[in-house]
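Trainee: What follows is the residue order along each chain.
Number of protein chains: 2
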Amino acid sequence: MAKIKVAFQGERGAFSEVASKKFIGKNAMPVACSSFASLFDMVEKGKTKYGVIPIENSLIGSIHKNYDLLLERNLKVIGETYLRINHCLIAAKKVPVSKIQRVFSHPAALDQCRDFFDAHPTVAPISYYDTAGAVKMLSESGLYNAGAIASPYAAEIYKMHIIRKSIEDEKSNFTRFLLLAKKEVVVKGKTKTSIVFSMKNEPGVLYKALSVFALRDIDLSKIESRPLRKKAWEYHFYVDIEGSVKEERVKKALDHLGEITHFIKILGSYKMSSEKV
Amino acid sequence: MAKIKVAFQGERGAFSEVASKKFIGKNAMPVACSSFASLFDMVEKGKTKYGVIPIENSLIGSIHKNYDLLLERNLKVIGETYLRINHCLIAAKKVPVSKIQRVFSHPAALDQCRDFFDAHPTVAPISYYDTAGAVKMLSESGLYNAGAIASPYAAEIYKMHIIRKSIEDEKSNFTRFLLLAKKEVVVKGKTKTSIVFSMKNEPGVLYKALSVFALRDIDLSKIESRPLRKKAWEYHFYVDIEGSVKEERVKKALDHLGEITHFIKILGSYKMSSEKV
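Note that the protein sequences, when read in sequence, are chains Z and X. To convert, note that position 33 of the first sequence is 33 in the numbering used here; the numbers rise steadily by one, no gaps. To convert, note that position 17 of the second sequence is 17 in the numbering used here; the numbers rise steadily by one, no gaps.
These are calculated hints, taken from the structure and not from any lab test. Be careful, since some hints might not be right.
Where chains are identical, the list cannot tell them apart; a pair therefore holds if satisfied intra-copy or between any two copies.
Pairs of lysine-lysine residues, derived as BS3-like cross-links and limited to a Cα-Cα distance of at most 27 Å, are as follows [claimed, not checked]:
no.: 1; residue 1: K76; residue 2: K182
no.: 2; residue 1: K200; residue 2: K271
no.: 3; residue 1: K136; residue 2: K47
no.: 4; residue 1: K252; residue 2: K271
If we strip away everything but chain Z, and leave its shape as in the complex, we get:
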C-alpha cells in the first residue's frame, strides 16, 4: 500500500505523530516540521497530503497559534480526534528514579507533572523545546543520570526505557487534534462545523451572533476569542457548531450570521468524533 504523507509539528515520537497514525492508520508516513507555520506550508504546497495540529488541551486550554493560522491560511479542517496525554519518565537505561538528577521536557509537560517533582525534590525539571525532542537528545547524548518526559511512543522510536508510566497529575488530560487538507471532503453521519467571525463593537452583538444558532437549536460546543491585531480590543470569535454547511438549517444560520458580522470564514465541516473523553 502506498504511504500517505502527514505533516506534524515536533520531533519523531511527538503526541501529534501518534494523532497522525490515529487519523490515517498504518499507511501514515509522518513528516516532522519545525513549526506550525511550516506545517501549513507543507500542506498548502502539496508536499504532504494532510497536516495534523493540536488545537486544545483539556487542562491548558487552546493552542492560540493554531487558531491564528487557521484564520490566516486557507487549509480546510476535515477531521478531529482526541488523544489521552500519558506522560512517561524515559531514560537511556533502566535506572531507579533516585539516580536521575535532571528531567528535560516541554514546559507544558513539566507543568502537568508537578506532583512527581514535589515527591522527588532532588530531581530538577529542565525546560526543553519539545517532549520527544528531549528523548532524542538523551538518546544521542548518552547522559545516564538524566531523564525526559514524553509519550510512550517516543521511548519506542528512540529505543529508550520507560522508568515510570503516567506521571501526569491529572489523568483527565486530553488533547483535541484537527486533520487539515487543501480541499474539503464529503461527510456522512454526525458532523461538526468550525467557523470564525468578527463583528462591530456594539452592545449585545455576541448575544445576537449566538442567537442565530440558539434559535435553530444548533448546539455550540466551543467558543474562543482572539484579538484583531489591527483593531485594539476587537475580536475574532471561533465557534464549533453541530451540523454541516450542506444542511439547510446551518446554511440559514450562517446567512443570518452574515447580516450581523463584518467577516465570516468557514474552516470546515467534518465528522464529529464519537469518543467519550
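Let chain Z serve as the given structure and place chain X on it in line with the hints.
Mentor: Relative to chain Z, chain X alone:
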C-alpha cells in the same frame, strides 16, 4: 508622604511597574515579584497593599495564568488601566545598530519587533525571561555588542542608552492592567464588573447566560473561556460587564445568571478606564 507598596511581576523597569505608578501615583513603592503566584501571595498576606497584573494585550490576547489566579485566589479587582507598549532598543553605550550582534528580550517582545529584525538580518534575537531583566543583565555584564528590548523606563532605571525608540511593528499595541487588593472599594461614576461562571454542558447554555445581560441592555466588553481542569471540555467563562454589583439591574442579572449556572464568582466592581485606546 508615606510610600504605598504595590507588588508587580518582573524586574524593576517592567511595564507592570510603569502601570503601578500610573495607578497609585508618585507615592507608589513598586515591589518586584518573581512570579504572578508570588504577587498574589504578597497581597493576600498584607505584605503589600496592592498588586498590579497584566490581563490582556491587544495583539497577543489574554494572559491566561492571571485569569486562572483570579479564579483560584481571593483578591478583588479594584481598578483597570491601559498602557501603550513602546519597545525600545537599549544598550550600554550609544552605538550604531550595526555594532549590535545580539538582542535579548522576552519572546513576546521579540515577536512584536519582527520588522526590526527583518530589516537588520545580522542582529540575532535571543530569548530572555523578562524585558527589563534583559536590560539589567546587560548593565551588569558590560556586554558592549549586545542590546535589549524593553520600556524606556527600564533604560532610565539601569542608566542605559536608548538606541532606537518604538521598534514595535504595530503601534496599536496596548496592555490592559488590573489593580488588585484584599477588599473591594466604593466606586463612583462609570463602573465595570468582572465575573467568572461555569455552566452545565447543555445546548444553548452560553446563549442563555448572555441573555441575562442582553435582556437588561447591560453591555459586555469581554468574554474569555478557560478549561475546567477537573472536567474535560467544560469551561469557566470570564466576562466584563458595564455597571456595578450595587446597581439593581446588575444584581437582578446576576440573580438570573445564578439560576442557570453551577458557579459564579464576582471578581470585583471598579471604575471603568476612560482612556480611548
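Trainee: All hints are to be evaluated individually against the structure, with a verdict given for each.
Mentor: Status of each hint after checking the structure:
1. K76 x K182: within (6 Å within a copy, 48 Å between copies)
2. K200 x K271: Result: close only across copies, 24 Å inter versus 32 Å intra.
3. K136 x K47: Within one copy only: 25 Å inside, 46 Å across.
4. K252 x K271: Classified as within: same-chain Cα gap 20 Å, cross-chain 41 Å, threshold 27 Å.
Consistency with the previously given hints is maintained throughout, with no hint failing.
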